[in-house]
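Trainee: Residue-level listing of the chains:
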Amino acid sequence: AQSVTQPDIHITVSEGASLELRCNYSYGATPYLFWYVQSPGQGLQLLLKYFSGDTLVQGIKGFEAEFKRSQSSFNLRKPSVHWSDAAEYFCAVVPGGATNKLIFGTGTLLAVQP
Amino acid sequence: DVKVTQSSRYLVKRTGEKVFLECVQDMDHENMFWYRQDPGLGLRLIYFSYDVKMKEKGDIPEGYSVSREKKERFSLILESASTNQTSMYLCASSSRYEQYFGPGTRLTVT
Chain E
83 AQSVTQPDIH
93 ITVSEGASLE
103 LRCNYSYGAT
113 PYLFWYVQSP
123 GQGLQLLLKY
133 FSGDTLVQGI
143 KGFEAEFKRS
153 QSSFNLRKPS
163 VHWSDAAEYF
173 CAVVPGGATN
183 KLIFGTGTLL
193 AVQP
Chain B
186 DVKVTQSSRY
196 LVKRTGEKVF
206 LECVQDMDHE
216 NMFWYRQDPG
226 LGLRLIYFSY
236 DVKMKEKGDI
246 PEGYSVSREK
256 KERFSLILES
266 ASTNQTSMYL
276 CASSSRYEQY
286 FGPGTRLTVT
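Sequence lines, in order, name chains E and B. Under this note's numbering, the first residue of the first sequence is numbered 83, with each subsequent residue one higher. Under this note's numbering, the first residue of the second sequence is numbered 186, with each subsequent residue one higher.
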């Protein structure tokens with residue numbers, strides 16, 4: 083079945099440590115790919131997106147993500163995490179074709195230890 | 186900046202009440218969406234609209250309806266609220282693929 087998978091439900095990292103959040107998709111064609119962040123009690127904010135071209139994309143708040151076609155992955159990274167990065171992170175995909183509906187993963191909740 | 190606003194941040198309603206959730210966007214976007222968000226389930230699409238007076242069912246439309254009389258406004262209606270509709274409701278708008286979200290309405294049905 084077509085899906086977006088975020089295998090890590092919870093992740094805890096220390097402040098200043100590096101971060102990688104995983105996202106895999108199972109659509110045949112290369113979809114459009116997004117990462118969103120949701121702070122507690124808030125709506126979702128777009129961190130970055132990939133449509134085509136350079137497979138390493140830069141986003142806001144110091145985040146980047148790399149598209150790997152061979153692995154059907156779009157992992158989110160940050161070299162040094164700040165306490166304010168504690169939030170829930172969602173990977174999302176527009177599968178392609180005539181639709182512009184977003185398909186979301188179930189999210190990864192990030193906790194940051196001092 | 187794109188701004189999507191939702192009429193209430195928190196709402197408490199009784200079972201059987203008719204509930205209206207309002208969403209307004211200020212960027213002249215053609216597309217608007219309603220999602221519900223539940224722990225462990227991510228975001229699930231309830232309804233979306235590509236144009237005024239146009240609507241299409243999402244993945245979980247049962248128990249909901251929508252109205253889009255003006256381009257900037259998209260309303261979600263719970264005809265007869267039930268306790269299993271207690272959730273966070275998120276509205277979004279887009280011109281193409283990237284969606285911009287409102288702050289959400291946390292609805293509790295008792």
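Hints in this document: simulated from the structure, not taken from any laboratory. Just to be clear, a hint being listed does not mean it is correct.
DMTMM-like cross-link-like pairs, simulated, lysine to aspartate or glutamate; straight-line CA separation at most 25 Å [to be verified]: (1) B/K198 - B/E215; (2) E/K183 - B/E247; (3) E/K150 - B/E241; (4) E/K143 - B/E257; (5) B/K188 - E/E170; (6) E/K131 - B/E264; (7) E/K183 - B/D211; (8) B/K188 - B/E247; (9) E/K183 - B/E254; (10) B/K238 - B/E254; (11) B/K238 - B/E264; (12) E/K150 - B/E283; (13) B/K198 - B/D236; (14) B/K255 - B/D213; (15) E/K183 - B/E215; (16) E/K131 - B/D211; (17) E/K143 - B/E283; (18) B/K242 - B/E283; (19) E/K143 - B/E264; (20) E/K183 - B/E202; (21) E/K143 - B/D244; (22) B/K188 - B/E202; (23) B/K240 - B/E264; (24) E/K183 - B/D213; (25) E/K143 - B/E247; (26) B/K198 - B/D223; (27) E/K131 - B/E247; (28) E/K131 - B/E254; (29) E/K131 - E/E146; (30) B/K255 - B/E215; (31) E/K131 - B/E215; (32) B/K198 - B/E283; (33) B/K188 - E/D167; (34) E/K183 - B/E241.
Trainee: Each hint: holds or not?
Mentor: So, going through the hints one by one against the coordinates:
| no. | hint | in the structure |
| --- | --- | --- |
| 1 | B/K198 - B/E215 | violated, 31 Å |
| 2 | E/K183 - B/E247 | holds, 18 Å |
| 3 | E/K150 - B/E241 | violated, 33 Å |
| 4 | E/K143 - B/E257 | violated, 29 Å |
| 5 | B/K188 - E/E170 | holds, 21 Å |
| 6 | E/K131 - B/E264 | violated, 36 Å |
| 7 | E/K183 - B/D211 | holds, 20 Å |
| 8 | B/K188 - B/E247 | violated, 28 Å |
| 9 | E/K183 - B/E254 | holds, 21 Å |
| 10 | B/K238 - B/E254 | holds, 6 Å |
| 11 | B/K238 - B/E264 | holds, 19 Å |
| 12 | E/K150 - B/E283 | holds, 20 Å |
| 13 | B/K198 - B/D236 | violated, 30 Å |
| 14 | B/K255 - B/D213 | holds, 10 Å |
| 15 | E/K183 - B/E215 | holds, 13 Å |
| 16 | E/K131 - B/D211 | holds, 22 Å |
| 17 | E/K143 - B/E283 | holds, 18 Å |
| 18 | B/K242 - B/E283 | holds, 19 Å |
| 19 | E/K143 - B/E264 | violated, 41 Å |
| 20 | E/K183 - B/E202 | violated, 30 Å |
| 21 | E/K143 - B/D244 | violated, 32 Å |
| 22 | B/K188 - B/E202 | violated, 29 Å |
| 23 | B/K240 - B/E264 | holds, 17 Å |
| 24 | E/K183 - B/D213 | holds, 18 Å |
| 25 | E/K143 - B/E247 | violated, 38 Å |
| 26 | B/K198 - B/D223 | holds, 18 Å |
| 27 | E/K131 - B/E247 | violated, 31 Å |
| 28 | E/K131 - B/E254 | violated, 31 Å |
| 29 | E/K131 - E/E146 | holds, 10 Å |
| 30 | B/K255 - B/E215 | holds, 10 Å |
| 31 | E/K131 - B/E215 | holds, 20 Å |
| 32 | B/K198 - B/E283 | violated, 32 Å |
| 33 | B/K188 - E/D167 | holds, 22 Å |
| 34 | E/K183 - B/E241 | holds, 11 Å |
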